[in-house]
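K.L.:
From first to last, the protein sequence lines are chains A and B. Using the working numbering, read the first sequence as starting at 1 and increasing by one per residue. Using the working numbering, read the second sequence as starting at 1001 and increasing by one per residue.
Be aware that one or more of the hints could be misleading.
With a Cα cut of at most 25 Å, we get these calculated DSS-like pairs of lysine-lysine [unchecked claim]:
(1) B/Lys1223 x A/Lys276
(2) B/Lys1219 x A/Lys276
(3) B/Lys1223 x B/Lys1192
(4) B/Lys1071 x B/Lys1219
(5) B/Lys1179 x B/Lys1068
(6) A/Lys269 x B/Lys1068
(7) A/Lys269 x A/Lys210
(8) A/Lys269 x B/Lys1223
One side only, chain B facing chain A, incomplete, derived with CB under 8 Å [claimed, not checked]:
(9) Val1025
(10) Met1032
(11) Val1033
(12) Asp1091
(13) Ser1092
(14) Asp1119
(15) Pro1155
(16) Val1165
(17) Lys1175
(18) Ser1206
(19) Ile1208
(20) Ala1229
(21) Leu1237
(22) Arg1239
Residues of chain B placed beyond 12 Å of chain A at every Cβ, according to the derived structure [to be verified]:
(23) Ala1051
(24) Ser1104
(25) Phe1146
(26) Ala1154
(27) Gly1158
(28) Val1185
(29) Gln1190
(30) Ala1194
(31) Val1198
(32) Pro1217
(33) Thr1224
(34) Glu1241
No wet-lab data here; the hints were simulated from the structure. Beta carbons: idealized from backbone N, C-alpha and C, even for Gly.
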Amino acid sequence: MSQTIVIAEIAKGAIHPTTAELVTAANALGSAPIVIVPCTDSTIADTAASIQGISKVIALKSDIFATYDASSWATAIDTIAPSGTIIASANPQSKDLAARLAARRNIPVVQDVVAIEGGNLVSPIYSGKAMQTVSLGGDAVVSVRANIFTASAQGASADVSVVDATGDVATAVEEFLARASTRLDVAEANIIISGGRGMGSPDNFSHLEKIADTIGAAVGASRAAVDTWEPISHSMQVGQTGKTVNPNLYIAVGISGAIQHLAGMRSSKYIVAINKDADAPIFQHADYGIVATWEETLPVLQASLSAMMN
Amino acid sequence: MANIAVLVKQVPDTNARIVISDDRVDLSAVKMVMSPYDEFAVETALQHRAASGGEVTAITVGGASADKVLKDAKAIGVDHIVRIDCDSYLDSNSLQSMISSVISEIGADVVYCGKAAADTGAGSTGPGVAERLGWASVSNIISATFSDTISVVAPVQGGNARISVVLPAVISCDKGNIKVRKPNVKGIMQAKKAQVDVKSANPSSSSISIISHSLPPSKPAGKTYEGGAAAAEVAQLLRDEANVI
Ligand SMILES: Cc1cc2nc3c(=O)[nH]c(=O)nc-3n(C[C@H](O)[C@H](O)[C@H](O)COP(=O)(O)OP(=O)(O)OC[C@H]3O[C@@H](n4cnc5c(N)ncnc54)[C@H](O)[C@@H]3O)c2cc1C
Ligand SMILES: Nc1ncnc2c1ncn2[C@@H]1O[C@H](COP(=O)(O)O)[C@@H](O)[C@H]1O
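One chain only, chain A, in its complex shape:
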């Protein structure tokens, strides 16, 4: 089996726990990976060194890693990574980087892997309506979905080396735009509570926000809600033309469960559906379904969850 290389996932200036899941995936592909940590401050790499099952850590230090720029990141990582199979996380930014790296090395890229079976890679196609299993005949770049592989345990102490990188940034950020709200983004949340057209008006989303605040969830929406109501922003949309999410818990309120909505959330670990129509398709995908209006359900849910959190 060839060398594997894991690109550490960085969030808010630290190694994200997903990195230990990527190591598990690398181990399943056959070898103890080199973990590359793209960073501006190499001390953050030390936490990667404690992940079991790795061979070493390279802290790749450069100012270019302050904000994402596809071409300079790919160039710098390509320079330091030996040949082999590269594994990254399947979030939008890392998928972009994975595609760049693969093109640079003239090797194929396989995105959104959810299982590794005997060296073969399984990923969803047609928005999760089917699964594809492929075998690799050589090196590739592979992105792996979060929350699926068990994280490799802590407790190791691998060698860390620091390498300085330089590069020319090709795209310039003019300004960071403040988020319309300070709420958690659906793409980053472990729990999501989403509302659809059945919420009746955008004002009623305040009931979802209250529950979200109680349990640390993000608020999402169906396309019908986003397209009908101005205050419900596209950044909240889950589905085919919105975000693909993979939380531990997804609560769908007043959402019928159209195939394009399912495309974005069907791989959630647990799904709760609240809908007044017992025949709504969402119930076929729910672990817990409540046939009732949200008006009578959400106050009870809110009270129960609040009691639990205290």
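Chain A is already provided as a structure; the job is to place chain B with the ligands on it using the hints.
P.N.:
Chain B with the ligands alone, transformed into the frame defined by chain A:
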């Protein structure tokens, strides 16, 4: 004046049921449409043309039946339509090589494409083509404005950012605030008459092989309750059975 290219792919209608026969997805009975994000790419390309002048070429890679997606793009207003003739399975490597060489051939300075195709869901083509051409790229933009320069809004860690793009570049489009135009009668008539420029291609051999397609594992039936009061029990189960609260 800009020489603008837009990549459009034909995919199953997102409402279509996907069936498997002999370990492979069987699309023989499925209605094919333009991949949803590519509609936003076409719209953005047309807005770019309106601001800068120039021409838009829509490019697809596919068999003869994929001409329809080009005609759809023509009906909305692109100037030229090109099909790279290839009907077989392509890995990212061979697909991007073919697209890159045609982009170079037509001399485009900017390429728009979808954030991800509805069939692969990959989002690899835009950044991959950019890397092959040695161009800049911005992915998943939610809006674009055109004046002397191109300025796009795209997600970054912790929110969105306004990013200025220096051409040549590849830009992949999310839905965002982009509203797509519908074809008018004149456009539909022109599209009927339009000639597809068909280019032959030799796919390189792939180092990836498809072992099988399968349906996703079906979920065991869940528990269903009547009436809002059940939310109290569901909340308990979320904590004690599912361990997610
Ligand atoms: C190319 C394409 C892409 C698309 N992309 C997306 C996408 O990304 N995301 C997406 O979500 N959709 C998408 N759609 C749209 C999708 O087909 C559906 O139209 C949409 O998901 C419906 O949203 P909804 O469930 O909120 O509304 P509806 O289908 O109208 O459902 C509303 C539900 O609310 C229930 N309800 C009503 N009142 C109450 C009440 N008081 N209490 C409880 N329940 C109540 C009703 O029983 C009903 O089931 C796409 C469509 C196309 C063609
Ligand atoms: N066969 C193809 N023909 C034309 N454009 C394509 C093709 N495959 C992918 N693309 C473009 O690249 C985008 C992303 O595709 P993918 O990388 O497969 O997710 C699509 O939305 C299209 O704009």
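K.L.:
All the hints need checking, so say for each whether the structure fits it.
P.N.:
Here is what the structure says about each hint:
For the given pair, B/Lys1223 sits about 16 Å from A/Lys276 by alpha-carbon distance, which is consistent with the 25 Å threshold. For the given pair, B/Lys1219 sits about 22 Å from A/Lys276 by alpha-carbon distance, which is consistent with the 25 Å threshold. Straight-line distance between C-alpha atoms of B/Lys1223 and B/Lys1192 comes to about 53 Å, which puts the hinted pair past the 25 Å bound. Under the criterion of a C-alpha separation no larger than 25 Å, the hint pairing B/Lys1071 with B/Lys1219 is inconsistent with the structure, at around 40 Å.
The straight-line distance between the Cα atoms of B/Lys1179 and B/Lys1068 is roughly 22 Å, inside the 25 Å bound, and the hint therefore holds. Between A/Lys269 and B/Lys1068 the alpha-carbon distance is near 39 Å, which puts this suggested pair outside the 25 Å criterion. Proposed proximity of A/Lys269 and A/Lys210 is supported: the alpha carbons are some 22 Å apart, at most 25 Å. Restraint check for A/Lys269 and B/Lys1223: satisfied, since their Cα atoms lie roughly 15 Å apart, inside the 25 Å limit.
Evaluation of the B/Val1025 hint against chain A yields a held restraint, the C-beta minimum of about 6 Å falling below 8 Å. With a cut of 8 Å, the hint placing B/Met1032 at the interface with chain A is violated, because the nearest CB-to-CB distance is about 12 Å. Given hint, B/Val1033 at the interface with chain A, is violated; its Cβ is 12 Å from that chain's nearest Cβ, farther than 8 Å. Taking 8 Å as the C-beta contact cut-off toward chain A, the hint placing B/Asp1091 at the interface holds, the least distance being around 4 Å.
The beta carbon of B/Ser1092 is positioned within 8 Å of a beta carbon in chain A (closest approach about 5 Å), and the interface hint is therefore held. The criterion of a C-beta within 8 Å of any C-beta in chain A is met by B/Asp1119, whose closest approach is roughly 6 Å, and the hint holds. Satisfaction of the interface hint for B/Pro1155 is found here, the shortest Cβ-Cβ separation to chain A being roughly 7 Å, below the 8 Å cut-off. Hint status for B/Val1165: holds, given a least beta-carbon distance of 6 Å to chain A, under 8 Å.
Here the hint on B/Lys1175 is kept, as its CB sits about 4 Å from the closest CB of chain A, short of 8 Å. Hint on B/Ser1206 holds. Least Cβ distance to chain A is approximately 7 Å, under the 8 Å limit. The closest approach between the C-beta of B/Ile1208 and any C-beta of chain A is roughly 5 Å, which is under the 8 Å cut-off, so the hint is satisfied. A least Cβ separation of about 6 Å between B/Ala1229 and chain A falls short of the 8 Å threshold, and the interface hint therefore holds.
Hint status for B/Leu1237: holds, given a least beta-carbon distance of 6 Å to chain A, under 8 Å. Checking B/Arg1239 against chain A: minimum C-beta separation of about 6 Å stays under 8 Å; hint holds. Under the 12 Å C-beta cut-off, the non-interface status given to B/Ala1051 relative to chain A holds; the minimum distance is some 18 Å. Even its closest Cβ contact with chain A, about 14 Å, leaves B/Ser1104 beyond 12 Å, as expected for a residue assigned away from the interface.
With a closest Cβ-Cβ approach of about 15 Å to chain A, B/Phe1146 is found to remain outside the 12 Å limit, as its non-interface label requires. Distance check on B/Ala1154: its Cβ comes as close as 9 Å (rounded) to a Cβ of chain A, failing to clear the 12 Å threshold; non-interface status is violated. In this structure B/Gly1158 is not separated from chain A by more than 12 Å, as the shortest Cβ-Cβ distance comes to only about 8 Å. At the 12 Å boundary, the C-beta of B/Val1185 stays outside the reach of chain A, the nearest C-beta of that chain being 26 Å off.
With a least beta-carbon separation of about 28 Å from chain A, B/Gln1190 lies farther than 12 Å from that chain, consistent with its non-interface assignment. The beta carbon of B/Ala1194 sits about 27 Å from the closest Cβ of chain A, which is more than 12 Å, so the claim that it is off the interface holds. Once the 12 Å rule is applied to beta carbons, B/Val1198 is consistent with being away from chain A; the minimum gap is 25 Å. The non-interface label for B/Pro1217 is inconsistent with chain A: the shortest C-beta to C-beta separation is roughly 8 Å, within 12 Å.
The beta carbon of B/Thr1224 sits about 4 Å from the closest Cβ of chain A, which is not more than 12 Å, so the claim that it is off the interface is violated. For B/Glu1241, the condition that its CB be more than 12 Å from all CB atoms of chain A is violated, with the nearest at approximately 9 Å.
In this structure, the earlier hints numbered 3, 4, 6, 10, 11, 26, 27, 32, 33, 34 are contradicted, and the remaining ones agree with it.
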